[in-house]
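Work out the full structure: start from the sequences and follow the hints.
Chains as they are written, first to last, in the working numbering: chain A, 1 to 113; chain B, 1001 to 1114.
Where hints are given, some of them may not hold.
[Unchecked claim] Within a straight-line C-alpha distance of at most 25 Å, the following computed DMTMM-like cross-link-like pairs (lysine to aspartate or glutamate) qualify:
(1) B:1013 <-> B:1062
(2) A:49 <-> B:1102
(3) A:60 <-> B:1102
(4) A:49 <-> A:69
(5) A:105 <-> B:1085
(6) A:105 <-> A:63
(7) A:56 <-> B:1102
(8) A:56 <-> A:76
(9) A:68 <-> B:1102
(10) A:49 <-> B:1030
(11) A:105 <-> A:55
(12) A:49 <-> A:84
(13) A:52 <-> A:76
(14) A:77 <-> B:1102
(15) A:77 <-> A:16
(16) A:77 <-> A:63
(17) A:60 <-> A:15
(18) A:105 <-> B:1102
(19) A:49 <-> A:76
(20) A:77 <-> A:15
(21) B:1013 <-> A:42
(22) A:52 <-> B:1085
[To be verified] Listed next, the stretches of chain B that the computed footprint assigns to chain A, with coverage defined by at least 3 CB atoms under 8 Å from CB atoms of chain A:
(23) 1038 to 1052
(24) 1106 to 1113
No wet-lab data here; the hints were simulated from the structure.
By construction, the Cβ of each residue, glycine as well, lies at the ideal position given by its N, Cα and C atoms.
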Amino acid sequence: GNSVTQMEGPVTLSEEAFLTINCTYTATGYPSLFWYVQYPGEGLQLLLKATKADDKGSNKGFEATYRKETTSFHLEKGSVQVSDSAVYFCALSGLGSNYKLTFGKGTLLTVNP
Amino acid sequence: DAGVTQSPTHLIKTRGQQVTLRCSPKSGHDTVSWYQQALGQGPQFIFQYYEEEERQRGNFPDRFSGHQFPNYSSELNVNALLLGDSALYLCASSGTWGESTEAFFGQGTRLTVV
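If you want it as structure tokens, here you go:
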């Protein structure tokens, strides 16, 4: 079945540091890939997505590229801010799954001023 | 647009009791999915409703059941509660066509079983 493995946290960075959170997946066919963010006490918000190989999703300075050859979708940001502190989830939606999402375990990011 | 709304926000129940959680989807959405998020874990898919029928189900026991109403709102019912059912329950809604297929999540219902 489908599965998502993402970098174990927590990750602690200083403001303006470079961020990478690794994500790899296992799926049949050509899944869509997502990064969701969860701020304390809130639900999930879609951060970015990519629906086919070599697509790059981007939003709010975050980027991730769909790499089919390495089955990866790593999240990056060039300069993090304190307000980026949250839990980040990598997820996939398999072909024909009617939008059922399979999530990784999440990575807690803390950005210090 | 109110987005996806869930009620209640917090709930405390005793082992063996039954609970009902409610979800109103985002305007224009006709599909509702439910997820369980245990502390420190990613959300796990419970089931999905479309046109008032369960379309897909994850690996959850029959104690977990649901319903979708003609106005697309949905309920999640859990019977014979166990301590391990304590979690954040998330509802997500989505549409059928184009950009509306993106899933939007509510803020969740925090269920504590004591």
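Hint by hint, here is what the structure shows:
A hinted pair counts as satisfied when its Cα atoms are at most 25 Å apart, and residue 1013 of chain B with residue 1062 of chain B qualifies at roughly 19 Å. Restraint check: the Cα-Cα separation between residue 49 of chain A and residue 1102 of chain B comes to about 10 Å, which is no more than 25 Å; the hinted pair holds. Restraint check for residue 60 of chain A and residue 1102 of chain B: satisfied, since their Cα atoms lie roughly 18 Å apart, inside the 25 Å limit. Between residue 49 of chain A and residue 69 of chain A the alpha-carbon distance is near 18 Å, which keeps this suggested pair within the 25 Å criterion.
For a cut-off of 25 Å, the pair hint linking residue 105 of chain A to residue 1085 of chain B stands: about 18 Å separates their Cα positions. Straight-line distance between C-alpha atoms of residue 105 of chain A and residue 63 of chain A comes to about 20 Å, which keeps the hinted pair within the 25 Å bound. Only pairs whose Cα atoms come within 25 Å are accepted, and residue 56 of chain A paired with residue 1102 of chain B is accepted, the gap being roughly 17 Å. Restraint check: the Cα-Cα separation between residue 56 of chain A and residue 76 of chain A comes to about 11 Å, which is no more than 25 Å; the hinted pair holds.
Simply put, residue 68 of chain A and residue 1102 of chain B have alpha-carbon atoms about 22 Å apart, close enough for the 25 Å limit, and the pair holds. Between the alpha carbons of residue 49 of chain A and residue 1030 of chain B the distance comes to roughly 21 Å, so the proposed pair stays at or under 25 Å and holds. As the CA atoms of residue 105 of chain A and residue 55 of chain A are separated by approximately 24 Å, the hinted pair is consistent with the 25 Å bound. For the suggested pair residue 49 of chain A and residue 84 of chain A, the alpha carbons sit about 18 Å apart, so the restraint of at most 25 Å is met.
Distance restraint check for residue 52 of chain A and residue 76 of chain A: the Cα-Cα separation of roughly 18 Å lies within the 25 Å cut-off, and the hinted pair is therefore satisfied. Straight-line distance between C-alpha atoms of residue 77 of chain A and residue 1102 of chain B comes to about 23 Å, which keeps the hinted pair within the 25 Å bound. Straight-line distance between C-alpha atoms of residue 77 of chain A and residue 16 of chain A comes to about 9 Å, which keeps the hinted pair within the 25 Å bound. About 6 Å separates the Cα atoms of residue 77 of chain A and residue 63 of chain A, which keeps this hinted pair within 25 Å; it holds.
Only pairs whose Cα atoms come within 25 Å are accepted, and residue 60 of chain A paired with residue 15 of chain A is accepted, the gap being roughly 15 Å. In summary, the hint linking residue 105 of chain A to residue 1102 of chain B is supported, as the alpha carbons are separated by about 21 Å, within the 25 Å threshold. A hinted pair counts as satisfied when its Cα atoms are at most 25 Å apart, and residue 49 of chain A with residue 76 of chain A qualifies at roughly 13 Å. For the hint pairing residue 77 of chain A with residue 15 of chain A, the CA-to-CA distance comes to about 12 Å; that is within 25 Å, so the pair holds.
Taken as a hint, the residue 1013 of chain B and residue 42 of chain A pair is honoured in the structure, with Cα atoms around 22 Å apart against an allowance of 25 Å. Distance check on the hinted pair: residue 52 of chain A and residue 1085 of chain B sit about 36 Å apart at the alpha-carbon level, beyond 25 Å; violated. Requiring three or more residues with a Cβ within less than 8 Å of a Cβ of chain A, the coverage given for the segment 1038 to 1052 of chain B holds, as 8 such residues are present. For the segment 1106 to 1113 of chain B, the stated coverage by chain A holds: 3 residues have a C-beta nearer than 8 Å to a C-beta of that chain, and at least 3 were required.
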